[in-house]
Amino acid sequence: MKGYRTAFREAFPYTIPVLTGYLFIGIAFGVMFAEKGYSVLWAILMSTLVYAGSGQYLAVNFFVPGFSFIQVMFLTLMVNIRHVFYGISLLEKFNKLGRKRWYMIFGLTDETYSLLCTTNIPDGVDEEKFLFAISLLDQSYWIIGSAIGGAAGALLPFNSEGIDFAMTALFIVIFVEHWFQKKNRTPAVIGVAVSFLALQIFGADKFVLPSMLIIIAVLFAGKKRMDAEVGECR
Amino acid sequence: MPVSAGTSFLIIIVVAVTTFATRVVPFFVFPKGKEIPEAVQYLGKVLTPAVIGMLVVYCLKNTPVMSRPYGIPELISVGAVVGLHVWKRNNLLSIGVGTVLYMFLIQAVFV
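Chains as they are written, first to last, in my numbering: chain A, 1 to 234; chain B, 1 to 111.
Keep in mind the hints are simulated off the structure, nothing from the lab. Just so you know, these numbers come straight off a predicted model, no measurement behind them. Just so it is clear, CB atoms sit at the ideal spot from N, CA and C, and this is done for glycine as well.
Over 12 angstroms on every C-beta distance to chain B, these chain A residues come out as not near it, computed from the model:
| hint | residue |
| --- | --- |
| 1 | F8 |
| 2 | V31 |
| 3 | E128 |
| 4 | L136 |
| 5 | I144 |
| 6 | A147 |
| 7 | I148 |
Here are the simulated lysine-lysine pairs, DSS-like style, with alpha carbons at most 27 angstroms apart:
| hint | chain 1 | residue 1 | chain 2 | residue 2 |
| --- | --- | --- | --- | --- |
| 8 | A | K182 | B | K88 |
| 9 | B | K34 | A | K224 |
| 10 | B | K32 | A | K93 |
| 11 | A | K183 | A | K96 |
| 12 | A | K2 | A | K93 |
| 13 | B | K34 | A | K223 |
| 14 | A | K100 | B | K32 |
| 15 | A | K223 | B | K32 |
| 16 | B | K88 | A | K183 |
| 17 | B | K34 | A | K100 |
| 18 | A | K93 | A | K183 |
| 19 | A | K96 | A | K2 |
| 20 | A | K93 | A | K224 |
| 21 | A | K224 | A | K182 |
| 22 | A | K223 | A | K183 |
| 23 | A | K182 | A | K93 |
| 24 | A | K93 | B | K34 |
| 25 | B | K34 | A | K96 |
| 26 | A | K96 | B | K32 |
| 27 | A | K100 | A | K2 |
| 28 | A | K223 | A | K182 |
| 29 | A | K224 | A | K183 |
| 30 | A | K93 | A | K223 |
| 31 | A | K206 | B | K61 |
My request is simple: use the sequences and hints to build the entire structure.
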């Protein structure tokens, strides 16, 4: 177990933004699920086995009589399809790891993916343990949030409306940090521009998959130009 | 509970397996020890900044721009996060102040 304590201690500060965000969107999920008549144990079970923000929000609607498993599968696939592309950036990093990589693949949420791809490993920390610590800490925040929401969400002492902006702010901060590194600015602009246009054309519910496909097409079209400025996923 | 415990459990399992399937695809296509083609390596490198850009848009996708408050709280808060971060480069400060500002704006100013 030696080395894990250091890894978790070093990883913790990087995960604080996710802690804030996950606690509260986790609470929101727990409340929604409890309103359907599911106890806190069900919320914990789902957050442990599924672990997907928007996926679990959507899934709350599946628990009605007559809903087919095909529909469950199809709708889940639609809302999570963007994750298909995340692993591409982590192939080299994860394929070096041992059996822990299966848990890390399971835990590839938007937030964890962003942290794993953009955090520099501090000196003196084992890379595998550090990355594992980030993944495990993030999921624990999600489970704790769901549990609070499932048990006592309606009794929260303050108005938490808008707290999910923490996630938006996290991605903006990572975006700005990337910008400072002066590498990969073109793909960053492509990501924003293409998804903004796709949002206008396809609407908020359907723009993610077209965005991802057009982004990939544009990235390949500009490969020659971008090869010159390519940096590492880190 | 609107459906039985057994059905509920099965629904959770189906959602869990489907979600995991989306995340594991690239690792099945390129398992340990298999050489990753140069084009895929390139994509892996340029995709992260592009995805983070997309996630910013994704987070703001439901902002109402054609009706009150016309996305003004979002605009101010995003501007504050960017400005603070360029100035101080402190993650927690940028995220903390931005979030509290946004909550204040939508709960107390633009109601």
